[in-house]
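Go ahead and model the full structure; you've got the sequences and the hints to work with.
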Amino acid sequence: MSDRIDSPRRPLLVTALTAAALIAAPFVLPWLGAAPNTVNRILVWGLFGIGFDILFGYTGLLSFGQSALYGTGGFVAAYLLTRAGFPHVVMALLIGMVAAAAVGYLVGLVALRRTGIYFAMITVAIAEVFYFVEFNPLSEWTGGENGLPGVPTPSLNLGFTTLHFTSGWALYPFLAFCYFVGIVVALRIVRSPVGVVLRGIRENPLRTAAVGHNVHGYKLAAFVIAAAYAGLAGGLLGVLQAFMPPEAFTFETSGQLVIQTAIGGRGMLFGPLAGAALWLFLQDFLQGPLGLGATWKLVLGLVFVVLVCFLRDGIIGGMRDAWRLVARRTGKTAAAVAGPAKRPTRPAAAPADGRAHAGNGFTGPIMQTVSLTKHYGGVAANEAIDFSVHAGEVRGIIGPNGAGKTTFFKMLTCEVPPSAGTILFKGRDITGMGVTEVCQLGLTKSYQVNQLFNRLTVRENVTIAALAALRGKFRLDLMRRLADIPGLDERVGDTLELIGLAGRGEAPVAQLAYGEKRRLEIGLALASSPSLLLLDEPLAGMSPTERAETVRLLKSIGQDRTMIVIDHDMDSLFELAERITVLQEGRVLAEGRPADIKADPKVQEAYLGGLNGKPA
Amino acid sequence: MITWPNFVSQLFNGLALGALLALIASGLTIIYGTLGVLNLAHGAMFMLGGYAGFAAYQATGSFIVAVLAGTLALLILGVLMERVIVRHFYARPHEDQLLVTFGLAIVFVEAVRWLFSSDSKTITPPGALAGITPLGFMLYPTYRLAVVGIVAVALLVLFLVLYRTRLGMIVRAGIEDAVMVDCLGINVDRVFMVVFGIGAMAAGFAGIVNAPIVSLTPEVGEAILVQTFVVVVIGGVGSFPGAVLGGLIAGEIISLTSMVNPGYAYVMLFAAMTLVLVMRPRGLLGALGRE
Amino acid sequence: MRDQTSAPRRDGRRQFVRNGLLLAGGLALPGLTRRAAAEDHPPIGTYPAGVQGSSVTIGIGVPRTGTYAEQGEDELKGWQLAVEHINGGHPLMREISPKTKKGVLGKEVKVVVADSAAKPNDAVQAQQRFITENKVILMTGSTSSAVAVAMNKLAQREKVLYVTGISGSNDTTGKDCVRYGFRQNFYGETAANAIGPVLLKAYGKNKKAAFMTPDYTYGHTVTKSTSEYLTQHGGWTMVTNQVSPLGATDYSSYLTNIANSGAEVLLNVNWGRDAVLSTQQAKQFGVIPKMKLVIPYQIPFLAKNIGAELSEGVYAATDFWWTLQDKYPLAKMFVETFEKKYGYKPEWGAENAYMSFAMWAEAVENAGTFYPPDVIKSFEAGRKLNSMVGEVYIRKEDHQLVRPVVIVRGKAPKQMRNKEDFWEVTEVVPGGPLMQKPDAFGCKLGDYT
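Chains as they are written, first to last, in numbering that gives the first Met the number 0: chain B, 0 to 615; chain L, 0 to 290; chain V, 0 to 448.
Just so you know, these hints were derived from the structure itself, not from any lab.
We put the CB at the ideal spot given by N, CA and C, even for glycine.
Take the hints with a grain of salt, since some may be wrong.
[What the hints assert, rightly or not] In silico BS3-like pairs for lysine-lysine, Cα to Cα no more than 27 Å straight-line: (1) Lys418/V to Lys120/L; (2) Lys120/L to Lys344/V; (3) Lys339/V to Lys100/V; (4) Lys120/L to Lys410/V; (5) Lys326/V to Lys120/L; (6) Lys331/V to Lys383/V; (7) Lys326/V to Lys340/V; (8) Lys120/L to Lys383/V; (9) Lys303/V to Lys120/L; (10) Lys554/B to Lys425/B; (11) Lys206/V to Lys291/V.
[Stated by the list, open to error] Simulated DEER-style distance windows between Cβ atoms: (12) Gln558/B to Leu274/L: 53 to 61 Å; (13) Glu423/V to Leu274/L: 49 to 57 Å; (14) Lys376/V to Val180/B: 40 to 48 Å; (15) Pro133/L to Pro416/B: 53 to 61 Å; (16) Ser61/L to Ala101/B: 55 to 63 Å; (17) Gly184/L to Pro10/B: 38 to 46 Å.
Printed below as a string of structure tokens:
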């Protein structure tokens, strides 16, 4: 599933279609037998789901605890409007939304310390705790199991007349407007740089951090956004029912949200709306006309399981795929598949040499380690390594398996903390910094096993890396358009040119050949314009032709920056590197020019156990 | 109220609660540890064991038959579920696994509601075990005491299977490194199927054995599921001893908090889980690097 | 009426003019009233849309699943029987609502039913649908007081009348009362004041009491009213109050606390299935019969589920028990027709349901219109009605029916004359003196429109 992030016509079209559908609904839907209350409920769930979709569909964080924020926003608004006698409905709703966002921030600080399944479990626990707190300690404010009845509906004083949004179709315009605003804001967010980073986090959080983004900060931002939507939706629920129910806090509510989003389709913003429509429709239809009574939920459960198994992207995803299938058959989107605009071909210029990471004017070793050591339990992966590289050098590192090369790289990029020793980058002690900070300082790595954003396009992959270089490790530019980032297009285009993937920008990574993926892997590291680039076995798994091409590429890259390359392909490495360091069993065995290393008997013994049968 | 007799009583009560949780959690933890799938349908399986046993009880009037029926039914269901559905999700992201087991949980609950209605069903414990046993510091229902014993035996059997049989060794190896087991030429598919079956069976057995204590309703698995998570997290994912320890700790948390304020009992449990998740995510006896 | 103090000469002419006017007025009256009935009141709620056709609809939200499902089904049968009687002009119904002939104001009564699962949210959702789609002109259903309270507010907002189903909390006609809501059955305060003296007489003063309370409005208010009465009038002490969530299945922790509390009397306020389970488990833990069990607010079918051995000697306060048929003719009629139709003797949920519909039919017939404010005023007029337990009337300050509370005691198994003969009625306590002052619980009825 690849979302297009750079097609200009789409956002306006989507917005216009949404507005048209919302306006037409009260006239069309009654013909289909839809009750106004049901439609209103669908809108509230849809709004709740927009935030959740940003959290789950776009960032990949499956939370079963959204009910906590839904309830918080709802009860704050309801309390203001009922017991506190606050007069303005809209104001109360906004206050509820802000309260939910604040609570979401605090909850996120706790929950986001873990990922995946543990994250999901913490959210379940939090949901249960909130439900309990609503019931007991805070029952003075929340009405306990009674909830807060008597929530008023909004009215709008236009000067010459007052609009009373009461119930049924009279309330619909208000809810539809809220939903519309919610969608418009969400569309902006997902198209903003933050939205791109969130998608990166979903696909590969490790790499997103490694290219220089503050992953935790963005996750927290997504969590708070989801909480704000949840809080507003909760407030609207109270208005819709004239009553704020404690059920808003239950695990069932969170569960229903998850199911609706999965059914409708995640990562598309409208999924929850479609899912809610299906859920509520089935609930009414199966119980009413078909008279199935309580069995409606069984049918729904079956539908859900089938969809999760077969239609990964839900109903909307299924419709989209079907449409694409049809369109492709009729050849309509042939042009679109090739790429939207024709980029003018540029000469293969070297990309900007990391102006932000001014390596110029720096003398002395750009990278230096002093007695760097790493122990895993009783095993010494690296032992007292002294190492230094000068600016502009191309250094190779070789060594037999188990020599500790990858561990060494991991320490250099601060993915793994050393057991002892120091690392100096451009004279600055970076020991114990994080991988994100180090990338921002100008040191990145390309991985031995591809760490790409697999479901995104080539262009999107490079954009994620480029964004970190241009915007720093964290910026909440939620409303900004990608096109408005100065230098982004240029940087992405240049990087793609350099790695030879300029014509493949719109291809999803899954469709690339292995060699192309490897080049993209390097491209991701390049896009941050590092002053020091580490390459972990860039040639692994390549055919001879691919190898030669890649070496050419590396040579041209190496002209403008410092590189350290690990590989097992001696011939290529000796051709590429100016100096070679040899590691064995965690220590530096030898260091020198390629020719010297080749002839060094110690090295020969380490690899071959001696030459011509003579131990050194 | 905090008095010495009450303390001892609640301590004992917590043991009974904890033993049951330990058994159910063992099932969940070996499934998660080996397959990497968090089975959100585990609570529903607990419930299903109870209902399968109930159906058998209605048909035959024998409690023993009911227990056998509940256990066997879940073994078969577990195996089927793994073969037909879960198997296809190993390569898919964790979230999808959570979603599909979550969906299956709903299907199970609603299917039971359809077949048996929402009324609560009771099973009377066998005559010999109905009644009250004086324990000195309190009077305790005989059947609950019996359950502690039964569950202890079940846990012992599970222990023997895991630590004294070849299959158990493979399962424990698979918990550590399933890929490696595969590389060693062992039919990992079959191992996964068996593990899922055993895990489901543990839940089902617990369900039918517990049924005479509380009445059976379709929702009875929901609360159990969340409590079981807590146990697995506290004890350590993939660790059988962790599940037992975690179960006992959880049982004591519930009953000892009830001594002071019963309303807070379950919340304390969640607070404990959150604490463990934040401070020592691998749990008390879990292996490092399992996040 | 003003006194005539005019001089005799003018008196005669005045008399003549007055009589003439009265006559003219009297002749015109039918015309006026007919026109008033045909004349449109301003639309309000589902009026007049819901009464246009030949039938009117009532919306019922009742638990058919969950902890209170068994009681909910019993209530539903009561409503359905009442509707049948209203439409057919059954003699029992005419005893309570004399003007009923066929239907209400000539219109057939229909019902639509939804499962509330005793959850306020589900009930409100369903009734909102009923209002928009079926244009119901009356709503009912609670069983859980949380639902009753939520429905009160919905009724007041939507301007559609609501009579509660079973609702035991003080709040329903207390701080959460509304102009559009009415309650028939007894509740926490009246139950406590009725059963209190009985308990003091039976068990004496200065006893230690343990309470088991379900954690919601009904539980808290009943426990509060009951313990207040017992402490103030009899010097009892509440040694422990074990609060459990609605729907709990395992009471071992609570019962362990109670067993160690030194209490002599156990007052179980739990309801529905919770009451059944907690009582059974109390027996298993030896708490009963060591302590005496009291059910301050009786539950339909409790005795059947726990068995006569457990209910023997237990005091409970209730709204109705079928053996009242020996004392009240209407009760006899009710029990007979219910048993004929459904095959078992009605519990108080069914009686409450039947009575509340009968009350409504009577109020509407008296008002002569479905227009809600008029119907409300008709309720509030405080006419004395016949009921299964004697004369009752609605108190206009809080819309609570003033009616007696029935105290029962569980029979020993060998004393039971048939398999439903669980309780014997020991007292029927008049309701008036049991009730709090109208404004004591903070009731402020809202507007008529």
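Problem - Agreement of Lys554/B and Lys425/B with the hint, judged by alpha carbon distance not exceeding 27 Å - result: 23 Å, holds
Practice task
Starting from Lys120/L, check that the Cα of Lys383/V is at most 27 Å away, please.
Solution key: 44 Å, violated
Handout entry: Restraint status (C-alpha distance of Lys326/V to Lys340/V at most 27 Å)
Key = Holds. Lys326/V to Lys340/V sits at ~22 Å (cutoff 27 Å).
Handout entry: Holds or violated: Lys326/V to Lys120/L, with C-alpha atoms at most 27 Å apart
Key = 37 Å, violated
Practice task
Using the beta carbons of Pro133/L and Pro416/B, state whether their distance is inside 53 to 61 Å or not.
Solution key: 60 Å, holds
Exercise for the section: Below or equal to 27 Å on CA atoms is what counts here, so check Lys418/V against Lys120/L. Expected result: Between Lys418/V and Lys120/L the Cα gap is close to 21 Å, so the pair holds against 27 Å.
Problem - Given pair status - Lys344/V, Lys120/L, alpha carbons within 27 Å - result: OK: Lys120/L and Lys344/V at ~23 Å, within 27 Å.
Handout entry: Holds or violated: Lys303/V to Lys120/L, with C-alpha atoms at most 27 Å apart
Key = 15 Å, holds
Handout entry: 27 Å Cα cutoff - pair Lys120/L, Lys410/V
Key = Answer holds: Lys120/L to Lys410/V is near 26 Å, not above 27 Å.
Handout entry: Beta-carbon spacing of Gln558/B to Leu274/L - inside the hinted bounds 53 to 61 Å or not
Key = 54 Å, holds
Handout entry: Given hint Lys383/V paired with Lys331/V - CA-CA distance at most 27 Å
Key = Roughly 20 Å separates the two Cα atoms, so the pair holds.
Handout entry: Pair hint outcome, Lys206/V versus Lys291/V [Cα-Cα no greater than 27 Å]
Key = Satisfied, since the Cα-Cα distance of roughly 11 Å is no more than 27 Å.
Violated hints, listed in ascending order, are 5, 8, 17; each of the other numbered hints is respected by the structure.
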